[in-house]
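Please build the complete structure, drawing on both the sequences and the hints.
Protein chains in written order, with the working numbering: chain A, 1233 to 1654; chain B, 1233 to 1654.
Chain copies aren't distinguished; within one or between two, either way the pair holds.
The calculated DSBU-like cross-link candidates involving lysine-lysine, where the alpha carbons are at most 30 Å apart (straight line), are:
{"id": "1", "residue 1": "LYS1375", "residue 2": "LYS1493"}
{"id": "2", "residue 1": "LYS1375", "residue 2": "LYS1427"}
{"id": "3", "residue 1": "LYS1460", "residue 2": "LYS1552"}
{"id": "4", "residue 1": "LYS1253", "residue 2": "LYS1325"}
{"id": "5", "residue 1": "LYS1523", "residue 2": "LYS1511"}
{"id": "6", "residue 1": "LYS1282", "residue 2": "LYS1305"}
{"id": "7", "residue 1": "LYS1279", "residue 2": "LYS1305"}
{"id": "8", "residue 1": "LYS1493", "residue 2": "LYS1523"}
{"id": "9", "residue 1": "LYS1552", "residue 2": "LYS1427"}
{"id": "10", "residue 1": "LYS1427", "residue 2": "LYS1290"}
{"id": "11", "residue 1": "LYS1341", "residue 2": "LYS1593"}
{"id": "12", "residue 1": "LYS1405", "residue 2": "LYS1341"}
{"id": "13", "residue 1": "LYS1325", "residue 2": "LYS1427"}
{"id": "14", "residue 1": "LYS1427", "residue 2": "LYS1305"}
{"id": "15", "residue 1": "LYS1290", "residue 2": "LYS1460"}
{"id": "16", "residue 1": "LYS1493", "residue 2": "LYS1427"}
{"id": "17", "residue 1": "LYS1552", "residue 2": "LYS1523"}
No wet-lab data here; the hints were simulated from the structure.
Each chain, written out:
There are 2 protein chains.
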Amino acid sequence: MIQEHQPQATTSAGWVHDIRKTGSVQFIILRTMEGLRQLTITDDCSKEVKAHLQGLTKESAIVATGRLQPAAKAPGGTELLVQTLSIVGPAEKILPFVPRDSATVPLPKRLDFRSLDLRSPDHQLMIRVQSAIVQGIHVHLAKEGFKHVFTPCLMGVPSESGSAVFPVIYFDKEVFLRQDPQLHRQLTIASGVDKIYEMGPAWRAEQSHTTKHLCEHRVCAVEVAFIKDEYDVMRVEEGIIRAAVEAAALIPGVIPPSLGKDPFPIFTLDEVRDIVAKKGHVYDPLEDLDKETERVLWEYVRDTLHRDFYMVTGFASRIKPFYVMEDAKDPRHARSFDVYCKGMELSSGGQREHRHDHLLKRITSAGMSHESLEWFTRHFRFGVPPHGGFAIGIERLTQMIVGAENIRDCVLFPRDPERVVP
Amino acid sequence: MIQEHQPQATTSAGWVHDIRKTGSVQFIILRTMEGLRQLTITDDCSKEVKAHLQGLTKESAIVATGRLQPAAKAPGGTELLVQTLSIVGPAEKILPFVPRDSATVPLPKRLDFRSLDLRSPDHQLMIRVQSAIVQGIHVHLAKEGFKHVFTPCLMGVPSESGSAVFPVIYFDKEVFLRQDPQLHRQLTIASGVDKIYEMGPAWRAEQSHTTKHLCEHRVCAVEVAFIKDEYDVMRVEEGIIRAAVEAAALIPGVIPPSLGKDPFPIFTLDEVRDIVAKKGHVYDPLEDLDKETERVLWEYVRDTLHRDFYMVTGFASRIKPFYVMEDAKDPRHARSFDVYCKGMELSSGGQREHRHDHLLKRITSAGMSHESLEWFTRHFRFGVPPHGGFAIGIERLTQMIVGAENIRDCVLFPRDPERVVP
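So this is what it looks like as structure tokens:
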């Protein structure tokens, strides 16, 4: 935002990544969101610049102006020959740690001083990638005619699955943080909006301490009406993943998973059973995918098909929530699918049950009361078309693209059972 | 998503807005997110179409194919001469109310059957406008080099202002839903990301029953570093509002407030005092704007300047939170501003205090303990540049653009002290 001070001068603003000296020439390596830049200060610089340079500490925020010139050894092939220098945000001389060493610092200390931690090159790249994913998805879905909507985070009734949710004290009531904006997305379809998406938070009150789970995460959740079957939904999801990965791939230094030119391979659970059987593993298609099946399937996709993204369809109805449509040909299976990348689940989706009578039957089968869900099911009496959708975890997708080991490194300020500060 | 059944046939999918008969010709007025379309069924249609037509009810979801032809009296100047018709989501014959009459239905009933209510023309337009605002802002800020970030909704420490927040039971701890992602946006700036924004939810646990307040709303929150002063921030906000309003204005039927060609007028509070004094109202610039001052100022802007959007700057430091920077020339005033549209506050913003020592002084002045905020202030020891930001209420902006009286009509599923369902 700071304007240029003189004609033909270039302004660089950022953080002092490093300070070096070679003979009488000083170099400041400046970190900006667009990458590193070399600032070069020769002995004939002004007294003011010399004075500023004297007290300059690493990680200070500075603004420099000068002339940009080619420099073969500098990052990006140019350097800024400094004419003016301002220290606009000085850093203390002793830092808890230097950002570029943060990978060697224990996680609790990294999180205590998260603003330093996030200045590391890996985190800076992650931030750029996640932003590119989010902006890329918005542009793609706008082009495809999808409307962005906001559905509630506060749920007046407990979650559909009965699993772990966070209670909220809402005046004199107890309400809950949504696990997934699923039911309200369906009500939005019922409201006459046939192609919708939402980018927003979701919560899981699980005492999990893995590198894959967060208590607060974000999803891109999509719902689309007037579908023929769940394959229409899968095509929409593939389009979004392609748009997100392609947007991230434009950032220098990013080597995302390979999208491949052909559509993502799709496996029914019967096919999965046959594939893993050849490797000596027994899998029952009426059970959820176990870890070993996931691993063997990924090896097959990688070694035989040379692909990174793939989908699995036809999960057992009994392990799926009541709102998922059964397959008419074999009601033991649901019109449900998962998207995988390199053996890791990225997303779940499927066709929803839009027929009021079938919906009530599914609720009975799930052992739930019609009364507790009447606030939801009543809307299906007044004209709801066939529809389906999915939710993609934004941090999970970021993790796959940047190759981070811990999902906590794909969120600015992670929330897990131990951490809610900063 | 449903594919065309025959060559040269057009497919229309949507909801039955109305059914009419003129002689032997039947008309179905179909509602889609792109507007109304006339389906025309002549006497020589197929038996299948006739059979479907027999039982067709208003608000059913249908798919029709046929030939598109000019029709002067039809919406959009064309009609679909129907060849095939499928009722994919039948509606019950007796509806709680007809969507287009929903304005006459009491609010509680409208919310109980929200999916019908949202099918009214006003709501359908609101949904399109809000989506255009959101997508327009993303495109604009991406173009301007802003990174989209996600900051936490769950706060481990109570809000900075001590005002009403919703407590969340977080395992064995009590945490809080954010009022505003303010402090974490500042920590993101401190993390070396100099132009950021976030589009997400915020909550206020206020027992207010006005037509302007929601307990759950959404903001577009922006923070930008390396600023000269708060006027840099105001220019960013004006750019966003212009992008949002221009995106909404592309939708037929939308008559948004006027942006004007020149920059939004800006008033200091001293100027506001002088303007309202001429109308006989006494206002003290060291107090917050009272309702009468807001009203008189708006009349002046409307009648004298012929503008809709305007800004007010220089609020009293003592009524502003600790993180707002004082004006060095007169510390009784803060580097803070509000954006107004037609007398209604849209947004608050300002320059933040980035100097660690000044920040601690502000905390002392605010009567808060340094210890309770050390989790936040520690980050300001390690190089934080001058920065500022603001938050725009998305529902409030929608309300101004569509001219809705009640903000509940600018959100799909509103949450207020009485309502958390559906």
